[in-house]
Amino acid sequence: MNLLRDIQVLLADHWMMLLVFLLFRKLLFNKYGRGLHPIPGPFLAGFSDFWRFFCTTFSTVHQAHLNLHRKTNSHFVRIGPRTISISDTALIPTIYGTHSAFTKSEYYRLSMMPLDGAYTPSLFTALDERYHTSIKRPIATAYSMSTIIEYEPLVDSTTSLFTSRLDGFAASGVSFDFGVWLQMYAFDVIGEILFSQKLGFLESGTDVAGIMADIRGKISYAACVGQIPFLDRILTKNPLFLKIVPTHPIVTFTLDRMKERVASMAYGAGRKRDFLTRCMEAQARYPDIVTNRMIILYNGDNVAAGSDTTGIALRAIFYHLMKTPACLRRLVEEIDRAEEAGQLSNLVTWHESSRLPYLQACIKEAFRIHPVVGLIIERCVPKGGIVLRGHYLPEGTIVGMNPWVTTRDESVYGADADIFRPERWLEATPEQLTAMDRANLTFGYGKRACIGKNISMLEICKVVPQLLRHYELSFLQPDQEWTVRGGWFVWQDGFEVYIRRRARK
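According to the UniProt record's numbering, the sequence shown holds residues 1 to 505 in order.
Note that these hints are calculated values from the structure, not bench results. Note that the coordinates shown come from a computational prediction; the quantities given were computed from them, not determined experimentally. Keep in mind that a hint or two might mislead.
Pairwise CB distance ranges, derived in the manner of DEER restraints [unchecked claim]:
| id | residue 1 | residue 2 | range |
| --- | --- | --- | --- |
| 1 | Pro239 | Ala209 | 23 to 29 Å |
| 2 | Arg501 | Arg355 | 22 to 28 Å |
| 3 | Leu19 | Asn73 | 35 to 41 Å |
| 4 | Val245 | Lys26 | 38 to 44 Å |
| 5 | Ser474 | Gly390 | 48 to 54 Å |
| 6 | Asp437 | His351 | 35 to 41 Å |
| 7 | Thr434 | Pro478 | 34 to 40 Å |
| 8 | Gly217 | Leu19 | 32 to 38 Å |
Distance condition first, Cα-Cα at most 27 Å in a straight line; then the derived DSSO-like pairs of lysine-lysine [to be verified]:
| id | residue 1 | residue 2 |
| --- | --- | --- |
| 9 | Lys453 | Lys136 |
| 10 | Lys259 | Lys272 |
| 11 | Lys323 | Lys364 |
| 12 | Lys364 | Lys383 |
| 13 | Lys136 | Lys383 |
| 14 | Lys447 | Lys383 |
Ideal Cβ positions, reconstructed from N, Cα and C, are used throughout, including at glycine.
Make the full structure from the sequences, and use the hints.
Below is the structure:
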């Protein structure tokens with residue numbers, strides 16, 4: 001009893017010193033006890049995840065990762081106590097391939113959105129591979145290219161409205177933020193594809209219901225707090241938060257649009273086979289899997305990610321073409337030749353755009369020079385650990401590749417990897433093209449690649465030539481660079497332009 005009392009007295013008198021000792025011990029274990037200390041990286045990053053948290057918070061993470069790999073001249077860089085950024089593109093199939101044993105990390109749970117006070121994993125946020133396969137199978141055909149092409153009339157309808165709004169800017173001669181309008185276009189296309197209705201962005205010229213701001217806020221939160229995932233349990237995953245916000249605004253917005261669409265069906269209107277009707281068909285075939293809740297999640301994922309990914313890509317394409325006039329001229333000439341040869345419809349089709357090789361090269365190059373994703377695409381080392389390029393990585397180590405690093409790999413893209421040069425895609429050998437396509441992780445890779453890729457590509461391949469055949473764009477301030485904010489998505493702000501109709505022959 002005396003010993004116990006002495007210990008209690010000692011703890012009471014020296015509890016602060018004990019806490020400091022335990023903290024110091026934990027930090028030393030983080031740095032040296034995991035077997036990862038030989039891997040180069042920022043000194044402080046080995047002690048805690050706060051290094052990568054602050055990089056992400058200050059929107060510089062995409063550039064920080066690239067600089068680290070170049071500074072250390074290493075394919076492996078330690079960016080956290082148990083987190084490794086990898087740049088060796090030959091390892092992409094190992095980490096992300098169809099048969100890879102690597103699984104998604106806890107980071108993805110932060111993108112889950114509450115519905116009626118509860119969280120349910122979606123296609124994007126699911127960690128369990130069997131569960132992911134089970135919820136993907138019923139709806140996979142709705143994302144196939146053969147199905148997506150059926151949505152072309154819906155895209156065309158939105159493109160016609162977009163050009164009418166651009167005509168207004170051309171007639172007035174005033175400048176406008178082209179980047180914002182490109183995203184509003186992408187959002188209205190998503191509305192047509194999902195629910196057979198535009199969502200009102202182009203019509204109003206505003207952020208409808210503040211949904212674009214809500215999405216950016218949600219994605220920014222997940223990017224920052226996702227670097228230290230346990231913080232999310234204290235913040236949005238605690239029961240009190242769910243009582244205050246039982247359903248996320250993005251889910252509410254999605255649910256409202258779904259109700260409007262179902263109501264239009266009930267009144268005999270709108271017999272188009274959009275994404276929602278395909279979900280309902282899948283529900284009839286797989287009622288135990290495709291529940292009403294799952295249909296909301298399917299559509300919510302598309303609303304949350306569909307407009308930003310396409311908007312970022314469209315901004316990158318137009319911005320870098322405008323910054324590289326020779327490339328812009330070559331692309332416009334290709335489009336003009338196709339039009340003169342009668343190879344373009346009034347509204348460019350998917351198949352017509354696929355026969356414009358320089359257009360396809362420009363799109364790929366824009367994806368490469370400004371990838372949508374700015375963080376490593378995290379995966380967990382499987383049970384038993386693994387040796388990669390001589391580095392032993394224990395079970396549970398988080399590894400991943402940052403598209404901003406892989407797409408600047410000079411061994412893949414050449415010594416001029418830092419400049420926008422679409423010609424590289426036309427000059428490459430078949431073997432080089434395979435390596436270049438693999439290293440471009442814009443839409444991920446393998447079994448967990450972005451399921452909405454074909455929707456985004458349909459929009460991009462149709463609207464880019466459509467706008468360039470009719471309009472000339474110029475910067476409000478030609479020498480000014482836009483602002484880039486890196487996180488999970490790498491957003492661009494400040495794309496102010498003038499627009500005018502091209503003089504037609």
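Gly217 versus Leu19 beta-carbon gap, inside 32 to 38 Å or not: Taking Cβ atoms as reference, Gly217 and Leu19 lie about 35 Å apart, which means the hint holds.
Holds or violated: Lys259 to Lys272, with C-alpha atoms at most 27 Å apart: Distance ~16 Å between Lys259 and Lys272 Cα, so the pair holds.
Lys364 paired with Lys383 [C-alpha distance capped at 27 Å]: Given pair Lys364, Lys383 is violated - Cα atoms ~36 Å apart, limit 27 Å.
Outcome for the supplied range 34 to 40 Å, where the beta carbon pair is Thr434 and Pro478: At roughly 38 Å between Cβ atoms, Pro478 and Thr434 fall inside 34 to 40 Å, so the hint holds.
Pairwise hint evaluation, Lys383 against Lys136, where the allowed Cα distance is 27 Å at most: holds, 25 Å
Verdict for Asp437, His351 (Cβ pair) under range 35 to 41 Å: violated, 21 Å
Range hint compliance [Cβ, Leu19 to Asn73, 35 to 41 Å]: At roughly 40 Å between Cβ atoms, Asn73 and Leu19 fall inside 35 to 41 Å, so the hint holds.
Satisfaction of the hinted span 23 to 29 Å by the C-beta atoms belonging to Pro239 and Ala209: The hinted range 23 to 29 Å holds for Pro239 and Ala209, with Cβ atoms some 27 Å apart.
Range hint 22 to 28 Å (beta carbons of Arg501 and Arg355) holds or violated: Cβ of Arg501 to Cβ of Arg355: about 25 Å, so the range 22 to 28 Å holds.
Hint consistency between Lys323 and Lys364 [alpha-carbon to alpha-carbon, up to 27 Å]: Satisfied, since the Cα-Cα distance of roughly 16 Å is no more than 27 Å.
Hint check for Gly390 and Ser474 - Cβ pair distance inside 48 to 54 Å: holds, 52 Å
38 to 44 Å as the expected CB spacing between Lys26 and Val245, which holds or is violated: Because 33 Å falls outside the window, the suggested range is violated.
This entry does not satisfy hints 4, 6, 12, going by the numbered hints stated previously.
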